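Visitor: In the order they appear, the protein sequences are chains F and Z. With my numbering applied, the first sequence covers 1 to 148. With my numbering applied, the second sequence covers 1 to 404.
For the record, the hints were derived by calculation from the structure and aren't laboratory data. Since the model is a prediction, treat every value here as computed from it, not as a measurement. It is possible that part of the hints are untrue.
Unchecked claim - Quick list of in silico lysine to aspartate or glutamate cross-link-like pairs, EDC-like style, CA-CA up to 20 Å:
id, chain 1, residue 1, chain 2, residue 2
1, F, Lys134, Z, Asp282
2, Z, Lys402, F, Asp109
3, Z, Lys309, F, Glu145
4, Z, Lys299, Z, Glu366
5, Z, Lys361, F, Glu145
6, F, Lys134, Z, Asp331
7, Z, Lys354, F, Glu145
8, Z, Lys259, Z, Asp190
9, Z, Lys143, F, Glu114
10, Z, Lys120, Z, Glu208
11, Z, Lys354, F, Glu147
12, Z, Lys299, F, Glu114
13, Z, Lys402, F, Glu66
14, Z, Lys321, Z, Glu219
15, Z, Lys309, F, Glu147
16, Z, Lys345, Z, Asp374
17, Z, Lys253, Z, Asp282
18, F, Lys95, Z, Glu277
19, Z, Lys143, F, Glu92
20, F, Lys95, Z, Asp374
21, Z, Lys299, F, Asp65
22, Z, Lys143, F, Glu147
23, Z, Lys354, Z, Glu311
24, Z, Lys402, F, Glu145
25, Z, Lys345, Z, Glu322
26, Z, Lys259, F, Glu145
27, Z, Lys193, F, Glu103
28, Z, Lys299, Z, Glu322
29, Z, Lys299, F, Glu147
30, Z, Lys259, Z, Glu287
31, Z, Lys299, F, Glu140
32, Z, Lys402, F, Glu140
As the list claims (entries may be wrong) - Restraint ranges, calculated between C-beta atoms of paired labels, are given here:
id, chain 1, residue 1, chain 2, residue 2, range
33, F, Lys116, Z, Phe332, 44 to 54 Å
34, F, Glu103, Z, Ala273, 44 to 54 Å
35, Z, Asp50, F, Ser17, 24 to 34 Å
36, Z, Asp50, F, Glu145, 15 to 25 Å
37, Z, Arg71, F, Trp141, 20 to 30 Å
38, F, Gln130, Z, Glu311, 29 to 39 Å
39, Z, Lys402, F, Lys134, 14 to 24 Å
40, Z, Ala106, F, Ala119, 18 to 28 Å
Here a beta-carbon is modelled for each residue, glycine too, at the ideal position from N, C-alpha and C.
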Amino acid sequence: MNKPIFNLLNILIRLTSITLLSILFLGAFTLYLAKFYEPKRIEPEVANSSLKQQTEVTEHDFIIDEGYELVVANCTNCHSAKLVTQNRATAEGWKNTIVWMQETQNLWDLGEYEDKIVAYLARNYAPTQQGRRKNLERVEWYNLEPEQ
Amino acid sequence: MVKRRDFIRSSVLASAASLIGFKIAHAAKMPYGYVPVLSQQDIPFSKHQDMVVLNDRPWNIEAMAHLLDDRVTPENKMFVRNNGIIPKNMDVNTWELLIDGESALAQKKYTLDDLQSKFKSYTYQLTLECGGNGRSEFNPPAKGNQWTVGAVSCAEWTGVRLKDVLNDVGIKDSAIYVGYYGSDTHLSGDSSKDAISRGIPLSKAMMEETLLAYKMNGEDIPLAHGFPVRLVAGGWPASASGKWINRLSIRNKIHDGEKMGGSSYRIPCESVAPGTEVNDGDMCIIESMPVKSLITYPKSGALVRRNQKFEVRGHAWAGEKEVRTVDYSVDFGATWQACTLEKPKNRLAWQHWKTTVSLSKTGYYELWVRATDDQGMMQPMVVPGWNPKGYLNNACHRIAIKSV
Numbered sequence: 001m002n003k004p005i006f007n008l009l010n011i012l013i014r015l016t017s018i019t020l021l022s023i024l025f026l027g028a029f030t031l032y033l034a035k036f037y038e039p040k041r042i043e044p045e046v047a048n049s050s051l052k053q054q055t056e057v058t059e060h061d062f063i064i065d066e067g068y069e070l071v072v073a074n075c076t077n078c079h080s081a082k083l084v085t086q087n088r089a090t091a092e093g094w095k096n097t098i099v100w101m102q103e104t105q106n107l108w109d110l111g112e113y114e115d116k117i118v119a120y121l122a123r124n125y126a127p128t129q130q131g132r133r134k135n136l137e138r139v140e141w142y143n144l145e146p147e148q
Numbered sequence: 001m002v003k004r005r006d007f008i009r010s011s012v013l014a015s016a017a018s019l020i021g022f023k024i025a026h027a028a029k030m031p032y033g034y035v036p037v038l039s040q041q042d043i044p045f046s047k048h049q050d051m052v053v054l055n056d057r058p059w060n061i062e063a064m065a066h067l068l069d070d071r072v073t074p075e076n077k078m079f080v081r082n083n084g085i086i087p088k089n090m091d092v093n094t095w096e097l098l099i100d101g102e103s104a105l106a107q108k109k110y111t112l113d114d115l116q117s118k119f120k121s122y123t124y125q126l127t128l129e130c131g132g133n134g135r136s137e138f139n140p141p142a143k144g145n146q147w148t149v150g151a152v153s154c155a156e157w158t159g160v161r162l163k164d165v166l167n168d169v170g171i172k173d174s175a176i177y178v179g180y181y182g183s184d185t186h187l188s189g190d191s192s193k194d195a196i197s198r199g200i201p202l203s204k205a206m207m208e209e210t211l212l213a214y215k216m217n218g219e220d221i222p223l224a225h226g227f228p229v230r231l232v233a234g235g236w237p238a239s240a241s242g243k244w245i246n247r248l249s250i251r252n253k254i255h256d257g258e259k260m261g262g263s264s265y266r267i268p269c270e271s272v273a274p275g276t277e278v279n280d281g282d283m284c285i286i287e288s289m290p291v292k293s294l295i296t297y298p299k300s301g302a303l304v305r306r307n308q309k310f311e312v313r314g315h316a317w318a319g320e321k322e323v324r325t326v327d328y329s330v331d332f333g334a335t336w337q338a339c340t341l342e343k344p345k346n347r348l349a350w351q352h353w354k355t356t357v358s359l360s361k362t363g364y365y366e367l368w369v370r371a372t373d374d375q376g377m378m379q380p381m382v383v384p385g386w387n388p389k390g391y392l393n394n395a396c397h398r399i400a401i402k403s404v
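The shape of chain Z in the complex, shown without the other chains:
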């Protein structure tokens, strides 16, 4: 097994090591700290060196499970998902938000000062998970960034309620959707194309926790995460939470921006056999994300002594819903024991769970964790229903442990 460190590419020998590594591992996973010097010049963020770069144009970077141990995700361990190119030179002094659309009573523009002075600010911890988190496990494989488990975060977002701003503009009765536009640019460089322009139904837009955020963890939002202002619609595929927002349209129909149609962020309306071709017309938009959990301590690969007690902990979340129970198994799902589960800090925040484990026999174990939401929906043990784009894999998280 080739270690990540071997991917350093500053010498011929290191190049050789990376090629060997590639052929053995069949994965071009390279941590942020070691990207080639040439591309390092444009890296507009700083991430923990164990973060995994899936793609560097556009930037797509995920955490490993053990990096997500913090109760509130710090910037350097937060996944990055981009459809286009991160905008340069975002200037907060010239930034404006235009609100328009068929169902807006007026067109209005707001500066950041306007937003902060006219509306009350709120702070919530909000879970954002990429719709394609877990895609790498689908069989047959689904096209796109091959996320494993780390495209999820729960940071503390501060901003104004989207509903307060929409109400200030005025909403016609015909309104059903709010679409966003951002300042990121299309990969091809074609300025007539949007990289992504998705949105949320009016009902989600009017929720108390749906924010036009301008702070993350108490600081200005980092550029890679949407500076100066972004949407945050917790519990939904993170693509609904547009970054670098400059325009919102109150629509009288489902927003028809880039990545709203086709098979993007959609799953078959009725479940299909693996590998089935599905017509675009038979695909439905993903809304709330399913129940899921993550073991963030210990890191997979722990060697423990027989009968040694050790803490196991992590987070659980359930889209729009709350997690009711979290259970663990150390016998491949044959028996389950309950973990201690905290209530969420606020609605749509992930919940922390923990337990103490000891293994009375030596041998190879896997620790599995399974969350159940307040409607009784559980995480499956195997990969759930196949879908063409590989969304919504909420199969239980597993780590390897040896008792020695």
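Bound-form chain F, shown alone:
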């Protein structure tokens, strides 16, 4: 006589467990992703050092690698990160760009950080040999329907 009730309870408990487990798992996975992909923030000591002003990181555009914080703090005061990340150059090329910005665009002396910044840029945003003309890339195929 208790059997149907027991069955019902059993099902309810099972359902609740599955739901709770799913929530836990999804939560953990989201946290894991967040931790994995969330870019590092500028450490206070970096932000408060000789850098001209602290930059709030609102774009997660830069590749995360040694020197990343210095680049964010020094290169995104005047222009967006995108102006950096869409370009490619050798260490010499990046150094020349810095010198040009210092001579004409009011960029400050980067002091001891300069070598680290140049190294970061040359490592992560180096030119690739693309020849005289590349293949057509990233084509999204679609069916061409007759025009109306």
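Once you've looked at the hints, dock chain Z against the given chain F.
Guide: Chain Z in isolation, oriented as in the chain F frame:
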């Protein structure tokens, strides 16, 4: 391949997707519709959501080829190129244009009312292309915004002829150049610096189609495109067509404003091997843009049935010159067929071309289009002469097609 939609940045997961996308694609291309909420507050324009943001400080945004299918480019598909910060609070009631310079007979000021009441107005369709359009293809890479094909437009501009205004001021015999100053501000916030102050030789300034424009496509010029008044010097690098103009100087020498010297908007006077360092003194100012064309329909990636007839169309332009022929190839340049080409609406307007194509065999194809100007100059199939700043890439446009 990560789709553009995945670049939405409103959640942790979307952030993750954008970072993954970045690492795979090596391009921080993000359409206007999905810029971070924080920067959205200052967006002073509205663009089609498929427009590609190359840079959001300063704003630099380009179209994709298929967005430029309109005969006259509407505002929401027009590229944005800025050197500095777009001015805020431009007030047409207090706006004035000062004309001065060593070679001006007098200094004069004009309000917008003055311009509209004193001078006859003209309307022209004028092609404006960024000098660096196509920069992304140069090897070794050139510094700057990595434009692909979409930094070009042909809108309908209404205004007064610059020559009428200059003549009203009076031009000394010594005049050779007209320089402009605008209300945009330098990125560094330094108010003593101009973001850009370029200009045009007097001969270009005196052309009938060179306008002090106050309307674009029949409406007030949108803020991002130079409200209330801008220069429009069609067929030349668009940087010659200053926005938010407040002062013009009639010069007795080549204008020496910001981005006139050094390597800005200049190419080596004699051609150089890729990667060569060129002294500033050996760089020459770009004037007329070279012959070029764009396939605006279909969008690259079309799957067509074998023997299915489909229309292919686009525009062609040639700086100061007219386009004489447009040809297409579906066999990687081995054979070429002529397209139908319209005359320009007026001088310096882009010209519309079209043709019908069908592919008798299945397989992967590329459709290439090549324009030839009225002097016989043709678009090259590969990237043309390398130059340090990556200007003037007029290599033929290509789209991918599969016949299935």
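Visitor: Hint by hint, say whether it matches the structure.
Guide: Structure-based check of all given hints:
1. Lys134(F) <-> Asp282(Z): violated (30 Å)
2. Lys402(Z) <-> Asp109(F): Violated: Lys402(Z) and Asp109(F) sit about 54 Å apart, past 20 Å.
3. Lys309(Z) <-> Glu145(F): holds (11 Å)
4. Lys299(Z) <-> Glu366(Z): Roughly 12 Å separates the two Cα atoms, so the pair holds.
5. Lys361(Z) <-> Glu145(F): holds (19 Å)
6. Lys134(F) <-> Asp331(Z): Within the cut-off at roughly 17 Å; holds.
7. Lys354(Z) <-> Glu145(F): holds (18 Å)
8. Lys259(Z) <-> Asp190(Z): Status holds; Cα separation ~16 Å.
9. Lys143(Z) <-> Glu114(F): holds (19 Å)
10. Lys120(Z) <-> Glu208(Z): holds (12 Å)
11. Lys354(Z) <-> Glu147(F): holds (14 Å)
12. Lys299(Z) <-> Glu114(F): Given pair Lys299(Z), Glu114(F) is violated - Cα atoms ~44 Å apart, limit 20 Å.
13. Lys402(Z) <-> Glu66(F): It is violated: about 44 Å lies between the C-alpha atoms, which goes past 20 Å.
14. Lys321(Z) <-> Glu219(Z): violated (28 Å)
15. Lys309(Z) <-> Glu147(F): holds (11 Å)
16. Lys345(Z) <-> Asp374(Z): holds (16 Å)
17. Lys253(Z) <-> Asp282(Z): holds (18 Å)
18. Lys95(F) <-> Glu277(Z): holds (15 Å)
19. Lys143(Z) <-> Glu92(F): Satisfied, since the Cα-Cα distance of roughly 13 Å is no more than 20 Å.
20. Lys95(F) <-> Asp374(Z): Not OK: Lys95(F) and Asp374(Z) at ~44 Å, beyond 20 Å, violated.
21. Lys299(Z) <-> Asp65(F): violated (37 Å)
22. Lys143(Z) <-> Glu147(F): violated (40 Å)
23. Lys354(Z) <-> Glu311(Z): Satisfied, since the Cα-Cα distance of roughly 7 Å is no more than 20 Å.
24. Lys402(Z) <-> Glu145(F): holds (14 Å)
25. Lys345(Z) <-> Glu322(Z): Holds, because 11 Å separates the two Cα atoms, which is no more than 20 Å.
26. Lys259(Z) <-> Glu145(F): The hint is violated at about 46 Å.
27. Lys193(Z) <-> Glu103(F): Between Lys193(Z) and Glu103(F) the Cα gap is close to 13 Å, so the pair holds against 20 Å.
28. Lys299(Z) <-> Glu322(Z): It is violated: about 26 Å lies between the C-alpha atoms, which goes past 20 Å.
29. Lys299(Z) <-> Glu147(F): holds (13 Å)
30. Lys259(Z) <-> Glu287(Z): holds (14 Å)
31. Lys299(Z) <-> Glu140(F): With a Cα-Cα distance of about 9 Å, the restraint between Lys299(Z) and Glu140(F) holds, given a limit of 20 Å.
32. Lys402(Z) <-> Glu140(F): At roughly 11 Å apart (the allowed maximum being 20 Å), Glu140(F) and Lys402(Z) satisfy the hint.
33. Lys116(F) <-> Phe332(Z): 44 to 54 Å: holds (46 Å)
34. Glu103(F) <-> Ala273(Z): 44 to 54 Å: violated (26 Å)
35. Asp50(Z) <-> Ser17(F): 24 to 34 Å: violated (46 Å)
36. Asp50(Z) <-> Glu145(F): 15 to 25 Å: This hint holds: roughly 18 Å between Cβ atoms.
37. Arg71(Z) <-> Trp141(F): 20 to 30 Å: holds (28 Å)
38. Gln130(F) <-> Glu311(Z): 29 to 39 Å: holds (32 Å)
39. Lys402(Z) <-> Lys134(F): 14 to 24 Å: Holds - the Cβ-Cβ distance for Lys402(Z) and Lys134(F), about 19 Å, lies within 14 to 24 Å.
40. Ala106(Z) <-> Ala119(F): 18 to 28 Å: 57 Å Cβ-Cβ, so the 18 to 28 Å window is violated.
Checked against the numbered hints above, the structure breaks hints 1, 2, 12, 13, 14, 20, 21, 22, 26, 28, 34, 35, 40 and satisfies the rest.
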